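**Student:** Spelled out, the chains give:
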Amino acid sequence: NAGVMQNPRHLVRRRGQEARLRCSPMKGHSHVYWYRQLPEEGLKFMVYLQKENIIDESGMPKERFSAEFPKEGPSILRIQQVVRGDSAAYFCASSPLASGAPTDTQYFGPGTRLTVL
Amino acid sequence: AQRVTQPEKLLSVFKGAPVELKCNYSYSGSPELFWYVQYSRQRLQLLLRHISRESIKGFTADLNKGETSFHLKKPFAQEEDSAMYYCALSGTGNQFYFGTGTSLTVIP
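Taken in order, these protein sequences are the chains called A and B.
Quick note on this note's numbering: the first sequence kicks off at 1 and runs consecutively.
Quick note on this note's numbering: the second sequence kicks off at 1001 and runs consecutively.
Don't read these hints as lab results, they were simulated from the structure.
Don't take every hint at face value.
[Unchecked claim] Label pairs and their computed distance ranges (CB to CB):
(1) A:Gly28 with B:Gln1045: 11 to 21 Å
(2) A:Gly28 with B:Ser1055: 25 to 35 Å
(3) A:His10 with B:Arg1053: 21 to 31 Å
(4) A:Arg84 with B:Ser1055: 16 to 26 Å
(5) A:Gly3 with B:Leu1010: 26 to 36 Å
[As the list claims (entries may be wrong)] Incomplete in silico selection of chain A near chain B, CB under 7 Å:
(6) Pro39
(7) Leu43
(8) Asp56
(9) Phe65
(10) Thr105
(11) Phe108
(12) Pro110
Predicted model, so just to flag it, every value in this text is computed and none were measured.
Quick reminder that beta carbons are idealized off the backbone N, C-alpha and C, glycines included.
With these hints in hand, go ahead and build the complete structure from the sequences.
**Tutor:** Take a look at the structure:
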């Protein structure tokens, strides 16, 4: 099992461009979480998704940010019209948690470091 | 509102000394508490969870519901313990809340 994969590992964008961050969960995991880590700060929850469903997006900025987890393929975190303040490390985690089951461990990816010039 | 507080951003101890990383939480129900660790150049990984009541790499953590704390302890710190430690809480809706992290440095 290759673990949670994230790509790209580093992404550089100019202000106003779009950033697409991908997360492939561990095999058999159907739950994905996205976190943002700003410089000098801790992890902040952004969104929790299951296949084809957004369960909780209370941590997502209201504008420019969106996330999806399609039936096939990786989860995508999309940031439109990036600004310098979006520069951060974005981490994805997956869990095998089944609906109604007790909380399970999260397995983290290596993160994507986004730099906005 | 759910919240996890790690009051110490940086913590330095000498090798062989006891270490305690503090974590306090705010949650109205019965939370599940975790400690995650990130070693240099590695990804974040689970260290321990309170329901397992286990000791991992010499670390233990006891959930104190009266004080709403879940402090991480180790009696004798080792150099390889130097890392970033995050306390996390899982509540209803399976959302996770992380603290801001404590960077532990063990001085040889």
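**Student:** Confirm or reject each hint.
**Tutor:** Cross-check of the supplied hints:
Checked against the hint of 11 to 21 Å, the C-beta distance between Gly28 (chain A) and Gln1045 (chain B) comes to roughly 18 Å, which is consistent with it. The given range of 25 to 35 Å is respected by Gly28 (chain A) and Ser1055 (chain B), whose C-beta atoms sit roughly 28 Å from each other. Roughly 40 Å separates the CB atoms of His10 (chain A) and Arg1053 (chain B), a value that falls outside the hinted 21 to 31 Å. Separated by about 44 Å at the C-beta atoms, Arg84 (chain A) and Ser1055 (chain B) break the suggested range of 16 to 26 Å.
Between Gly3 (chain A) and Leu1010 (chain B) the C-beta distance comes to about 29 Å, which sits within the given range of 26 to 36 Å. Below 7 Å, beta-carbon pairs count as interface contacts, and Pro39 (chain A) has none with chain B, the closest being about 12 Å; its hint is therefore violated. For Leu43 (chain A), the suggested interface contact is upheld, since its CB lies about 4 Å from the closest CB of chain B, less than 7 Å. With a cut of 7 Å, the hint placing Asp56 (chain A) at the interface with chain B holds, because the nearest CB-to-CB distance is about 5 Å.
For the restraint placing Phe65 (chain A) at the interface with chain B, the shortest Cβ-Cβ distance is roughly 17 Å, beyond the 7 Å limit, so the hint is violated. The beta carbon of Thr105 (chain A) comes within 5 Å of a beta carbon in chain B, closer than 7 Å, and the hint placing it at the interface holds. Evaluation of the Phe108 (chain A) hint against chain B yields a held restraint, the C-beta minimum of about 4 Å falling below 7 Å. With 7 Å as the threshold, the beta carbon of Pro110 (chain A) comes within range of chain B, its nearest partner Cβ sitting at about 5 Å, so the hint holds.
Checked against the numbered hints given earlier, this structure breaks hints 3, 4, 6, 9; the rest are met.
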